[in-house]
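Below, each chain spelled out in residue letters.
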Amino acid sequence: MTNYLSLSVKEIHKLLIDKKTVPLDLVKEALEKIENSNLNSFITINESALEEAKSLEGLNIDNPLFGIPVAIKDNISTKNLRTTCASHMLENYVPLYDATVIEKIKEKHMIIIGKTNMDEFAMGSTGETSYFGNTLSPLDNTLVPGGSSSGSAASVAANIVPVALGSDTGGSIRQPSSFCGIVGLKPTYGRVSRYGLIAFASSLDQIGPITRNVYDNALMLNIISGMDEKDQTSSEKEVEDFTKKIGKDIKELKIAVPNFYMGNAINEEVKNSVKNIINLLEQQGVKIDYIDMPYLEYAIPLYQTIALGEASSNLARFDGIKYGYSTEETLDIDTFVKKTRSIGFGNEVKRRIMIGSYVLSGKNADKYYIKALKLRKELTNSFKKVFEKYDLIIGPTNTNVAYKLGVKQDDALKSFYDDLLTIPVNMAGLPAISIPIGYNSEKLPIGMHIIGNYFKEDVIYQLASYIEENRGDAKC
Amino acid sequence: MEMLNKNDVYHVANLAKLALDEEDAEKYHGQLNDILTEIEKIETVDIKEQDIMISSSNNTNRFSNGSTTHISKDEVLARASRTNGDFIVVSSVFND
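Just so you know, the sequences run in chain order P and W.
Position 174 of the first sequence, counted from 1, bears residue number 174 in this note's numbering, the numbering being contiguous throughout.
Position 46 of the second sequence, counted from 1, bears residue number 46 in this note's numbering, the numbering being contiguous throughout.
By construction, these hints were calculated from the structure, which means they are not laboratory data.
Watch out, some of these pointers could steer you wrong.
[Said to hold, decoys possible] Heads up, simulated DSS-like pairs for lysine-lysine below, C-alpha to C-alpha not over 25 Å straight-line: (1) P/106 / P/244; (2) P/374 / W/73; (3) P/230 / W/73.
[As the list claims (entries may be wrong)] Restraint ranges, calculated between C-beta atoms of paired labels, are given here: (4) P/229 / W/54: 17 to 23 Å; (5) P/411 / W/8: 48 to 54 Å; (6) P/333 / W/49: 41 to 47 Å; (7) P/365 / W/59: 23 to 29 Å; (8) P/333 / W/30: 27 to 33 Å; (9) W/47 / P/389: 18 to 24 Å; (10) W/68 / P/370: 36 to 42 Å; (11) W/92 / P/263: 37 to 43 Å; (12) W/49 / P/232: 23 to 29 Å.
Using N, Cα and C, we set each Cβ at its ideal position, and we do this for glycine too.
Work out the full structure, taking the sequences as your base and the hints as a guide.
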């Protein structure tokens with residue numbers, strides 16, 4: 001079996017240009033790897049992938065992603081390809097249309113290999129809430145790969161595909177990327193169309209690329225970004241070439257490190273690893289200041305109120321009547337809907353929509369939800385204040401490294417804490433990346449978080465690529 | 001602090017359109033209280049801001065261009081779990 005898919009997109013592109021391989025071989029390799037994999041990282045394989053690859057023969061290779069196999073998180077709608085959200089509720093759902101990001105991928109002649117496993121409706125941070133069984137980490141099968149974009153991250157880390165799409169509502173791209181030792185970016189809210197992304201929390205959700213290196217990530221963002229009139233929140237901001245600052249000097253960058261991101265909640269080895277990078281940057285003359293940022297400590301209750309409130313509303317559409325699973329019993333309408341939803345949804349989803357319904361009901365709406373929206377504005381203001389003086393914010397992506405499967409399964413609260421450092425970014429709608437910066441003493445990857453100002457993904461990539469090139473011995 | 005008693009759990013399940021049995025209610029009783037105790041921290045935070053933030057997007061409503069997409073009857077019927085001729089069969093949901 002060939003192993004071209006362990007190469008970077010840039011290298012594979014060169015092989016295609018030089019006619020040393022063809023898209024059909026790449027697809028065959030990906031399918032063979034999935035066949036031999038025990039990771040359970042895919043829910044559905046695209047049966048047309050070989051045919052699509054064959055149809056590219058003889059076409060002009062007109063872009064860097066031409067013929068590259070890609071894996072898609074299973075909450076992104078793909079026409080005629082089952083899209084389950086890893087839920088019993090949508091087990092047999094086959095969309096009638098493509099999400100905008102899928103249309104863009106197809107225009108560039110990328111080949112969708114299949115739909116990746118995930119936490120049910122993107123609710124979870126371990127991959128364990130999937131109706132189709134959990135994804136295993138390619139680094140160690142006893143560990144969680146992170147979530148909710150578990151299968152996308154695991155497939156990229158295992159060299160099954162060089163790129164994948166995930167979605168990030170509170171950290172669902174960055175956290176699994178950190179746990180698997182790869183690169184994952186959550187774009188600025190509005191940068192990438194959400195049309196066709198099955199909604200979890202509409203004001204926080206963003207689709208983003210998961211790759212093994214920074215350059216490939218920027219290439220992928222180049223093609224999925226842009227204004228889409230089908231998404232009300234889509235930005236009209238011009239899409240630049242996100243690779244343009246890669247390799248540029250970083251000396252002029254001004255960087256802030258919030259003290260909260262290096263506080264007591266963070267594992268010592270993780271902090272030390274981040275400090276090593278801070279030292280490296282300071283040696284290059286980069287100005288780095290530790291700062292106090294208010295309200296970061298409220299990330300979890302903010303998320304629980306806003307994300308779960310929105311989720312309870314978004315998931316109300318799954319009533320067994322319009323589409324998705326429905327009980328075949330003859331019942332009155334209220335019992336029918338409740339029975340359908342109780343069987344169709346898993347525990348984590350049920351727990352979350354109950355909380356969401358509670359915080360939106362009656363007087364609680366003012367007490368919790370409206371208060372949370374005001375707090376969200378305060379938090380966002382405090383980010384804006386930092387970006388008046390600094391170009392980037394850095395810190396760890398997570399409080400710790402990947403942990404054992406099963407550890408947090410029955411703890412309703414603990415899994416939220418995985419996203420302590422990533423949630424604030426979604427609340428403010430900012431872009432942020434996770435890149436690998438080294439290992440802990442158990443040889444598990446540590447991720448670093450780089451947060452940028454609105455629509456400044458290019459500056460994030462500039463610093464990320466510098467660290468990637470220069471982190472030296474700690475290289476993952 | 002217990003914020004929801006067992007009866008409240010059934011009430012919240014009803015709001016979320018979920019049916020719970022005794023065992024479920026027992027399980028969710030503890031878990032929901034754990035989460036709500038965390039959420040309660042929102043109440044205690046002192047903030048000056050009186051504006052709410054629903055989204056980071058400042059877009060205003062825009063009209064669609066009025067174009068429509070045609071979906072064939074066959075495409076729709078092929079996706080229904082139960083059909084009868086040109087009709088989609090759904091469960092009977094009428095009260096007596």
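Exercise. Hint numbers the structure violates, sorted upward?
Worked result: Of the numbered hints, 2, 5, 11 do not hold.
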